[in-house]
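4 protein chains.
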Amino acid sequence: MNDRARSSPLLRRLLQLLVFVFASSAALTSQAATPPEQIIIDTDIGDDVDDAFAVALALRSPELQILGITTTFGDTETRAKLLDRLLGETGYPNIPVAAGAASSTNSTFTQHRYAEGGKFARASHSRAADFILDQIRRNPGQITLIAIGPLGNIGALIDKDPKTFRKLRRVVMMGGSIARRYRDLGYFPDRGPEPEWNIKNDIPSAQKLFASGVPIFMMPLDSTQLKLDEVKRAILFQAGTPLTDALTLLYHEWGQETPTLFDVMTLAYILNPKLCPTKPLHISVDEKGFTRSESGPPNAEVCLDSDSEAFFRFYIPRVDGR
Amino acid sequence: MNDRARSSPLLRRLLQLLVFVFASSAALTSQAATPPEQIIIDTDIGDDVDDAFAVALALRSPELQILGITTTFGDTETRAKLLDRLLGETGYPNIPVAAGAASSTNSTFTQHRYAEGGKFARASHSRAADFILDQIRRNPGQITLIAIGPLGNIGALIDKDPKTFRKLRRVVMMGGSIARRYRDLGYFPDRGPEPEWNIKNDIPSAQKLFASGVPIFMMPLDSTQLKLDEVKRAILFQAGTPLTDALTLLYHEWGQETPTLFDVMTLAYILNPKLCPTKPLHISVDEKGFTRSESGPPNAEVCLDSDSEAFFRFYIPRVDGR
Amino acid sequence: MNDRARSSPLLRRLLQLLVFVFASSAALTSQAATPPEQIIIDTDIGDDVDDAFAVALALRSPELQILGITTTFGDTETRAKLLDRLLGETGYPNIPVAAGAASSTNSTFTQHRYAEGGKFARASHSRAADFILDQIRRNPGQITLIAIGPLGNIGALIDKDPKTFRKLRRVVMMGGSIARRYRDLGYFPDRGPEPEWNIKNDIPSAQKLFASGVPIFMMPLDSTQLKLDEVKRAILFQAGTPLTDALTLLYHEWGQETPTLFDVMTLAYILNPKLCPTKPLHISVDEKGFTRSESGPPNAEVCLDSDSEAFFRFYIPRVDGR
Amino acid sequence: MNDRARSSPLLRRLLQLLVFVFASSAALTSQAATPPEQIIIDTDIGDDVDDAFAVALALRSPELQILGITTTFGDTETRAKLLDRLLGETGYPNIPVAAGAASSTNSTFTQHRYAEGGKFARASHSRAADFILDQIRRNPGQITLIAIGPLGNIGALIDKDPKTFRKLRRVVMMGGSIARRYRDLGYFPDRGPEPEWNIKNDIPSAQKLFASGVPIFMMPLDSTQLKLDEVKRAILFQAGTPLTDALTLLYHEWGQETPTLFDVMTLAYILNPKLCPTKPLHISVDEKGFTRSESGPPNAEVCLDSDSEAFFRFYIPRVDGR
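The listed protein sequences derive, respectively, from chains A, V, C and F. Everything in the first sequence is counted per our numbering, starting at 1 for the first residue and increasing by one. Everything in the second sequence is counted per our numbering, starting at 1 for the first residue and increasing by one. Everything in the third sequence is counted per our numbering, starting at 1 for the first residue and increasing by one. Everything in the fourth sequence is counted per our numbering, starting at 1 for the first residue and increasing by one.
Hints in this document: simulated from the structure, not taken from any laboratory. Some hints could be false.
No copy labels: a pair is met if it fits in one copy or bridges any two.
Quick list of in silico lysine to any residue cross-link-like pairs, SDA-like style, CA-CA up to 25 Å [what the hints assert, rightly or not]:
(1) Lys-119 with Pro-317
(2) Lys-227 with Lys-279
(3) Lys-160 with Gly-213
(4) Lys-160 with Leu-281
Could you build all of it, start to finish, from the sequences and the hints given here?
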């Protein structure tokens with residue numbers, strides 16, 4: 001570094017800042033030139049808290065056009081109300097919300113108080129399967145369906161109209177476990193796969209999806225155990241924007257200490273594929289919900305590892321929004 | 001307990017519940033018969049987080065009629081905006097908010113993001129001293145002034161119109177330190193008094209107040225180190241009401257772990273004097289901000305000890321509001 | 001307070017300190033004049049963490065003579081090794097440790113690493129039932145048996161030699177649930193009783209105990225939900241004594257956030273009965289493990305409520321030991 | 001993956017495990033063939049808690065031969081006693097501990113209780129400067145001096161015998177700030193350098209070191225803000241080894257929530273240079289303690305960025321030791 005640069009630290013700082021801002025916005029700008037990617041998010045928001053963090057990332061991403069959000073699994077109507085409020089509080093009251101078929105579950109709807117206050121609650125919600133099929137017909141080959149809950153809606157779509165379903169551009173899903181199970185964080189030897197929540201709660205639908213022929217991008221437990229630790233929480237929960245305020249409240253209703261942002265990797269992958277490099281595998285879903293990599297023609301691009309710190313360096317500034 | 005009762009556990013539970021509900025509402029009912037007590041809260045809300053918890057208790061207390069809330073110390077206008085939003089979010093947009101004279105301070109306004117979003121912000125705020133004097137003139141001998149910040153507004157009132165000031169029914173204040181200092185929690189020998197924040201940040205005003213002749217009820221450090229620990233926070237922050245949501249957000253912007261609810265004891269005392277038994281003392285404020293109990297005619301009722309658990313058994317169900 | 005006292009704050013502080021020290025030691029002194037109470041602690045130390053905090057209080061109490069500690073429930077041998085180390089690390093290697101009969105359980109032995117290091121491990125442990133019977137025979141009518149685990153050892157004693165068992169001075173036990181269940185903390189209406197751990201894990205033994213005729217002092221869930229919150233933990237875990245160091249390590253192996261010091265109330269009650277006032281009841285243990293208060297001649301002194309803050313003001317300074 | 005492998009998941013798991021164990025031990029084995037690197041650690045252990053985590057890594061690394069540990073800054077004798085106990089408790093009572101010259105400081109010795117218990121305390125400690133010079137003379141060109149405190153001892157060495165000092169193989173130090181300051185974690189634009197603790201507390205010694213001609217490997221704030229968050233703490237503090245037990249106790253005496261393992265990167269770099277890639281820079285220390293990168297011949301290899309997650313995947317399994 002020469003003396004000239006040294007003689008003006010302020011100028012240098014300014015340059016650094018410009019480089020940062022430019023680098024941050026470059027991707028957006030270049031993508032903004034291309035039309036935004038059309039997405040639908042299919043979510044079981046309200047039990048675990050990562051779904052809310054995934055929706056938050058989508059809302060803060062101009063590269064995406066959110067055609068709608070659909071709810072799946074369990075009390076789908078209350079999940080839809082939770083989304084009504086989340087979207088209303090954060091300035092997106094016009095994003096459609098559709099409810100999937102309700103199902104019985106032992107899972108705890110931790111965030112029901114947020115949903116039940118009636119804030120921004122819509123008069124009614126259309127049916128998820130109808131909504132998605134309608135959207136696909138209007139935008140054939142264009143839509144990325146982001147599946148971050150058990151796959152009941154997807155099974156219903158395939159049952160109802162497999163031909164239209166195949167006109168999805170792709171499905172990007174959180175689900176499955178190839179070589180790591182929950183709590184395999186890379187500090188100790190991996191303990192091998194286990195049936196994962198989104199798969200095991202609707203195994204037949206998962207099997208239909210992997211046999212459907214639609215391009216699948218799969219983010220299993222292996223690459224999605226992203227821990228929102230105390231340092232990162234303090235940053236996000238002090239940001240004081242309507243979006244981070246909503247996440248703060250949902251975090252507290254969830255009631256545990258450390259969220260694992262499984263679902264969020266689907267969005268992060270769409271926005272920046274380097275955050276979760278994939279490789280083609282043939283995935284087979286067995287009757288217990290194991291997702292095995294077997295010999296055969298690839299039916300999914302699967303992300304088997306990720307850099308947690310790189311993920312958060314992408315996620316936090318974007319969602320923080322200060 | 002006889003066999004009959006035993007034979008119907010459901011009936012017994014129902015009776016218990018009725019007794020509880022009745023006991024809870026009895027005080028309210030009996031007081032509701034008497035007119036509510038007129039109060040004005042004078043607060044430095046926005047730095048430490050206990051002021052917000054104090055305002056929350058007032059809002060949930062039908063025994064009180066909040067004539068207005070005035071801000072004191074430091075950036076009084078931003079404090080007023082914080083109150084605008086807090087009152088707006090929780091359904092009390094019509095409670096008047098008046099701003100005291102701004103002053104310079106090194107104290108950190110931790111909760112400024114909550115205040116600055118512009119939510120429910122009012123076009124302007126009247127002057128605190130004018131507002132309070134006007135209210136006293138309209139309700140002579142009726143108003144309890146609750147002082148939970150440094151005493152600048154009170155000093156200004158006394159300077160401006162001591163005669164009207166004396167027409168307050170009483171001042172209930174958090175401030176001072178008689179025999180205990182901060183962190184003297186009763187587990188180890190008390191380490192003796194220290195100058196306390198609300199006093200030492202405006203010693204002349206404190207001296208004027210104790211010489212004013214207005215009845216003073218004083219809650220010093222000795223009886224107000226009420227720790228909102230993790231168990232209690234989990235309950236309040238999962239309640240999911242607009243009021244507890246606001247407290248949750250302000251807690252996070254405050255950014256520390258354990259709030260000490262100093263200020264809240266003033267309200268709790270007004271609502272239930274048994275929570276902080278007082279005795280008459282002659283209090284003298286020295287030039288360093290010590291509040292000494294000296295010989296002389298009593299000029300304050302001072303609460304020297306309290307039962308923290310009893311306080312929270314009163315506070316939590318009332319503010320939780322589920 | 002006159003001017004003379006005021007003129008010498010140092011002298012005053014000194015006097016305060018003397019008063020405190022005197023008050024603290026007075027009970028000990030007066031009791032030291034009387035012979036210490038002979039106790040045996042029967043514990044399932046190693047699963048939940050409150051047992052360790054109970055043993056810690058006993059070790060710091062000159063009013064008590066610990067004849068021995070016996071282990072009960074599950075892996076009693078590893079529990080005995082945990083005690084070997086705890087006693088060894090804290091300077092009490094000569095207190096006898098005896099192991100009860102092992103039993104199968106689904107309970108998690110959270111603190112096994114502390115136990116398994118081999119530190120201070122004794123070559124062998126005598127049998128709990130034999131040990132206790134032998135001690136009763138040597139000290140008839142003298143021994144307080146403190147039962148803070150499931151009651152298997154006690155059932156075995158009664159089966160083996162009911163006559164000797166009746167020569168206990170008394171049993172002080174943590175167990176049962178009269179009107180409150182776990183998480184009934186007094187902030188909301190109590191939800192009524194539930195079968196409590198120490199009872200429901202050996203119902204026949206509990207029934208035998210309440211029918212035994214030995215004086216029973218019972219501390220149920222109603223009076224023992226004593227939360228060691230973050231403020232109290234910070235104090236104890238920074239004390240840096242061998243005893244608090246052991247508690248710190250066991251706390252971390254336990255692996256949760258907030259210990260509830262159920263078991264400790266038995267010891268606290270023996271040392272200071274005012275901390276848990278009892279009343280005589282006839283307790284009946286049903287086949288599901290409910291402990292019902294029924295009509296009939298009293299068979300237990302039961303503590304139905306306690307002041308948590310008073311408990312900790314007793315516990316912390318004594319165990320802290322600085 | 002072919003059918004054969006699939007048909008035996010157990011075998012496959014076994015193979016995975018073998019690969020992991022082999023990979024883990026390979027580095028050790030290959031290095032064990034070469035003689036271990038001789039190191040001396042110069043530390044201000046006892047104030048911040050990262051020094052203890054650095055010493056812990058050294059103790060668990062067969063690639064290193066610890067010739068001794070020297071204390072610097074403030075109460076060097078109590079720091080030496082802390083090391084006496086730490087080394088004694090963990091089975092290394094024969095590693096020499098030498099104390100540097102004491103100095104006055106406002107820094108808080110948070111972990112003094114651990115040090116003062118007298119456990120494993122040695123009768124006396126030799127003088128740090130004498131000890132280091134003596135070791136260099138015995139092992140010329142062999143020793144890596146790891147500097148993780150203010151640089152007083154190093155300044156004394158250079159003053160006393162610059163010729164011998166130059167016979168160090170190298171100095172690996174934590175210190176300085178090139179482009180990032182404390183709390184610049186990569187989520188938001190870096191705010192530029194600031195004077196860093198180890199430099200600013202003895203600027204003249206830092207200037208001497210950078211002018212000394214000894215090879216310097218420098219780990220500044222830019223690459224050392226390694227957060228031991230709640231997930232990582234839970235793993236380490238439940239390991240239950242003598243070493244992790246010591247870290248647990250020191251963590252609690254330190255008394256804050258999230259340790260930043262600044263100092264540990266020096267050791268990690270020595271053991272695995274890929275964890276902190278360096279580049280040659282000319283570093284100049286100004287009168288305020290800024291460490292500026294200027295034009296001129298390189299006098300240090302400086303690590304300007306690191307992968308926090310890679311660091312912990314190295315650190316945790318090695319120190320956990322289960």
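Hints versus structure:
With identical chains, the CA atoms of Lys-119 and Pro-317 are at most 25 Å apart between copies only, with a shortest distance of 23 Å across copies and 28 Å within one. In the homo-oligomer, the alpha carbons of Lys-227 and Lys-279 lie at most 25 Å apart inside one protomer (24 Å), although the nearest pairing across protomers, at 31 Å, exceeds that limit. In this homomeric assembly, Lys-160 and Gly-213 come within 25 Å of each other (Cα to Cα) only inside a single copy, at 16 Å, whereas the closest approach across copies is 72 Å. Proximity of Lys-160 and Leu-281 under a CA criterion of 25 Å is satisfied in neither setting, with 27 Å inside one chain copy and 66 Å between copies.
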